[in-house]
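Position one of the sequence shown corresponds to residue 451 (our numbering), numbered consecutively onward.
Bear in mind the hints are in silico, worked out from the structure with no lab data behind them.
Note that beta-carbon positions come from the ideal geometry of N, C-alpha and C, so glycine has one too.
Be a bit skeptical, because a hint or two may be false.
[Said to hold, decoys possible] Taking CB as the label site, the calculated pair distances span: (1) V495 to G535: 18 to 26 Å; (2) L477 to R526: 24 to 32 Å; (3) H520 to K484: 15 to 23 Å; (4) Y483 to R526: 17 to 25 Å; (5) S460 to T532: 15 to 23 Å; (6) P523 to W474: 39 to 47 Å; (7) R514 to S460: 16 to 24 Å; (8) H503 to W474: 15 to 23 Å; (9) T529 to D463: 17 to 25 Å.
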Amino acid sequence: MSAAKRARQSYEDVPCEIEIERTWESLHAHVHYKRDVDIAEGDEVKVLGDKIHVPFGQRLRLERTARIKHAGPLTRLWTRITAFGELMELLEFSFTSRRKL
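Work out the full structure, taking the sequences as your base and the hints as a guide.
Set out below in structure tokens:
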């Protein structure tokens, strides 16, 4: 990566709390930032530290640091455009007469 490209990239390290649950009731991982952070489309968030493994049936909370790589204007625009297309793929349209399917 060239020095000019590295200079344009904006990184921000933020302390955070990670909550991971792996049970029958819930399977989730959440990152809660310890201070206000402006995250926008196209930004990348990477939690620093060792790999985390939570055995089934357990819940875990950890303190870590999140590194946020802020996207530039072109990346933000591209993300908005492609996200709309991907959202449209989730929609299901049915053009039928009032018969049951």
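Here is how each hint holds up against the structure:
{"no.": "1", "hint": "V495 to G535: 18 to 26 Å", "result": "holds, 23 Å"}
{"no.": "2", "hint": "L477 to R526: 24 to 32 Å", "result": "holds, 30 Å"}
{"no.": "3", "hint": "H520 to K484: 15 to 23 Å", "result": "holds, 18 Å"}
{"no.": "4", "hint": "Y483 to R526: 17 to 25 Å", "result": "holds, 20 Å"}
{"no.": "5", "hint": "S460 to T532: 15 to 23 Å", "result": "holds, 21 Å"}
{"no.": "6", "hint": "P523 to W474: 39 to 47 Å", "result": "holds, 44 Å"}
{"no.": "7", "hint": "R514 to S460: 16 to 24 Å", "result": "holds, 20 Å"}
{"no.": "8", "hint": "H503 to W474: 15 to 23 Å", "result": "holds, 18 Å"}
{"no.": "9", "hint": "T529 to D463: 17 to 25 Å", "result": "holds, 22 Å"}
Every hint, counting from the list given before, is met by this structure.
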